[in-house]
Structure formats: C-alpha cells, structure tokens
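> I would like the entire structure built from these sequences, with the hints used as guidance.
First to last, the sequence lines map onto chains A and B.
My numbering numbers the first residue of the first sequence as 1 and each following residue consecutively.
My numbering numbers the first residue of the second sequence as 1 and each following residue consecutively.
It should be emphasised that the hints constitute simulated quantities derived from the structure, not laboratory data.
Accuracy of the hints is not assured; some may be wrong.
Said to hold, decoys possible - Not the full set, but computed from the structure, chain A residues with beta-carbon under 7 Å of chain B:
no., residue
1, Ile-98
2, Phe-183
3, Thr-186
Note that CB positions come from ideal geometry on N, CA and C, so glycine has one too.
Chain by chain, the residues:
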Amino acid sequence: MSGTIYDSAAPRPTVVADLRAVWRSRGLLGVLVARDLAVRYKRSVLGVWWTLLNPLLETIVLWIVFSHIFRFATPGVPYSVFVLSGILVLTSFQQTVIGAAGAMLLQSELLRKVRVAPALFSLSTAMANLITFAFTLLPLAVVMAIAGVAPNPALPLIVPVVLALVGTAFGFGLALAPIVARFPDTLNLLRIALTLLGYLAPIFYPIAIVPEKYRIIVELNPLYHFVTLFRVLLFGDGLGSGWSWLAIAVSTTVCVAVGRSVHTALRRGAFAAL
Amino acid sequence: MTAPPIIELRDAELAYRLARHGSSTLKELFVDLTRRHVRYERYEALRGVSLEVSAGEVLGVVGVNGAGKSSLMKMIAGILPPSGGRVIVRGAVAAMIELGAGFSHELTGRENIVLYGSLLGRDPRAVRGRIEAIADWAGVTEFLDVPVRTYSTGMLARLAFAICTDRQPEVLLVDEVMAVGDTEFLERSADRMRRLIHDGTAVVLVSHDMATIVEQATRAIWLEAGRVRADGAPADVVAAYVADGREAAADQSPPRAP
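If you want it as structure tokens, here you go:
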C-alpha cells in the first residue's frame, strides 16, 4: 500500500498539512520546474539566451529614449543600471503573476486526467521564474561593470528580496488561477493591470520626479518597495529602509495567505468548467 | 477483521451548476449580469451512487452515452470531487481515462516517462530507474529521445499504459482505452491487467463491448441517467441492459408495414 487515501469528505487541509503536502511533492515539483524551463526554451534557437537578451535589448531602448531624449536624472547611478535593475524586478513580477495565474488553464487537459493539486503548477512556474531571475543577474553584472558601478557590500541580501518578490507574485497568481481557468479572458485584463502597476512604480523614472502629493500612491505600491530595496542593495549604501523591509514582508505573507484561501475556495468551481 | 474496500462510494452525487447562457468569458459574464440574464441550471451527472469495490475485484460499468460513466470514473479518480455524499479511495489510482494523459508534446519520451510517473505520485528517482523497462514494454525504446509529438496514437497508448501499470496501483480505471491498440497490444495489456488483478488491484472497467465486460468483470453495474439501475453478476446486468436497449430500439423504430 502506498498509504495515500483520498477522502472527499476530508476537512480542508490546514496550513501545516498544505506545507507537508508541498514537501512530499518536492520530487514532482523538481520535475515540473525542469519541464517548465525545458519547454520554455526548447522551441527557440537562442533558447535560454533569450532570457538574458530580452531585458538587455529593452534597456538599450529605454536608455536611448530616457537618457538622451527625456533626460531623467538618476542621482548616483547611470540610467542604464537604474533602468535595467527596475526592469528585471518588474518583468519577474509580471511573469510570475501571469504564469501562476495561467497555470491551471494551461494544464487543464492534464488536470482532467490526473489527480494532482493544481497549486503545484502555479508553484513550479514561480520556482522556474526564480531560477530565470538568477540567470538575468548575469547581464546586469555586465552592465554594471561597463558603467563602472561598484556593488553594495550588502549585495547577498537581494536573495530574500527576490524570494519575497516572487512569493508575492505567486500568491497573487494563485488566487487568480481558478478564475482564469473559468474565464480565460481574465488574463488579458491582468496583463493591462500589471502594465499599469509597472508604470505606477518608479521602474523607468526616479521617484524624485513624482510630485509630493502623489507620492503616497507610489509608496502604497508593493513593487515600489521591492524595486527600491533591490536597487539599494545592488548599488546603493546601507541596508535599505526598515519600512521597505516591513512592507515586502507583509505583502508576501498577506499575498500567499490570501492567495491560498481564495484558491482553495474557488478551485472546486473551476474544476467543473475544465 | 476484513480489509475495508479499496473504493467506497456512499450516496455520491455529482451536480454541476451550469450557467444557462454558459458565459465562458468574463466579458460575456458581465454582459449577461448587466442584462440579468444569468440563470443557473443544476445538472446532475450522478445521483445517489453507492458502491464498494474490494481488492482483486473488477467492476464493469455499462450504460448509454451520457449515463454518467465518465463522471463516475473521474469521481473515483479524485479529479471531480462529489457535490454530495462521500467518496473514499484507499490507495494509488492509475487512471486510463483519456489517452495521452499527462504527456508534454515538446518533451522526449524519456522526459515524459519521468513526468507522468511523478504525476501519478511516484518518486522521480524510482521512475528514472524504470525508464528502460517501461519503454521496452511499450515498444518505444528506439524513440526514447524523440519528442512525443512524433509518436503514433498506438505508441502513446502503449506508453501511457506502461507507465500507469509499471507499479502496482491499488486502483486501475480503464475507460475504453483498449480500443486504440492492435491485437498484440490488447493481448499483452489484458495479460498485464490479469496479473495486477491477481495481485490485488481493484479495477473499474468502462466498455461498450459487452463481451469484454462479461469476460473480465467480476461484478457489473448499469448506469442510467446518473443512477445505478442494476448491480450484480456481469452476465445478468449485461443481459438486462441489452434487453432494455433492444426494447428502446423497437419502440423508436417506425412500425413496419404489414
């Protein structure tokens, strides 16, 4: 006996039970992450290099537009480093939300045939994005070296920041996954919302150009704190503001907890639609 | 003390709430909502189904299309949770419900064996050690490193069956899958199924081929409009089902000219 018992009348799993289930599925998660990365790059000639090239090309475009035409002053750091670090954070956030939210729809054919928790697909997408993010630090290092920007000695602290960033995005996407499975066009709305969120955060422009009275809107955006901390730890001084650390800790905890509850509550309804 | 049954359904019900106008996009839903158009209809795929299947038993399921056979399989597989009653399945389920299940078309046969095996709840390391044996049984050894999108239907069916049955599952669900294979595959898979049943796997078999049900099942149920109409020895249930089908056909056919 493998000891797995399925009981439809079993009570809803507790947080601890869910965590244990994830731990027990670690083997499967590894396989899913590997598949995610393999499928992503199998069909393009440049393969994994696209991940590195994409933010670089985007940076070049923005660098031309914003530092030669509009001229934003980014104090203490060349615009190229400023904008590339912002783009990496934003792209990772957007891709993780979209990936986690679309996972159930994407795997619907499989979910109709195999009993497996759909949340695992959202989780594996998030984990694959984490690995991709690690790769994109490579072009960032190159740009920083060319621009002559010295890294902050506190650099290793970007690890918890990136974990929290992907965690927040995962929680957000997890909540949306059953909704997207039921109404696929939610993804289009989500893309627009994420673009808006990106423009409301100081990704392409320094916070200094935002008038004082609107600054509260920017500061309420969790992306603001992620990107600010990331930049400070990358090329600034010190460890970043305590408020930002608190903000990212709170946003990660809330997003994952709420995401899990919403996902569990809506999952059943979404299955009937699959 | 006797062992509890492997599959246990108590008054299980599967009902969907279908939107009458079936808005399948958010846009449609909003349009429907503003027009106060959404009315929901309850559609009951299964009602009051109670049954038990013990180790080594083969339950045959017969019924016309839409009687709830596939819903029953998906409920036992744990894919569709019942909306009422209770379903308990004690052990791992290998479901051969729709073929090609769980394959990623871009990935190679080798990668898919590991992926599908892990999805069925096995440790990927254990599956990796079985790749050659599985491929050999399915006859795809030469194509192990080729993406499965190049596989034929028969190859996919054989590979899926080989992965599903590589480890002894407590429950095997078989839904008409054998229709795609050639004679040789049919014989080998029937052989493997016999061995699994002998070793204690509980099998649920859906088929439109009455001979298969009578030959292979140890018990049969007849589903009609989501309810169990008959439950008993395969020969009896099949006879009743066939007789009912003939009657219905006779009722519907136009009266012949004298």
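> All hints are to be evaluated individually against the structure, with a verdict given for each.
Against the structure, the hints:
1. Ile-98: 16 Å, violated
2. Phe-183: Nearest chain B Cβ about 4 Å off; hint holds.
3. Thr-186: 5 Å, holds
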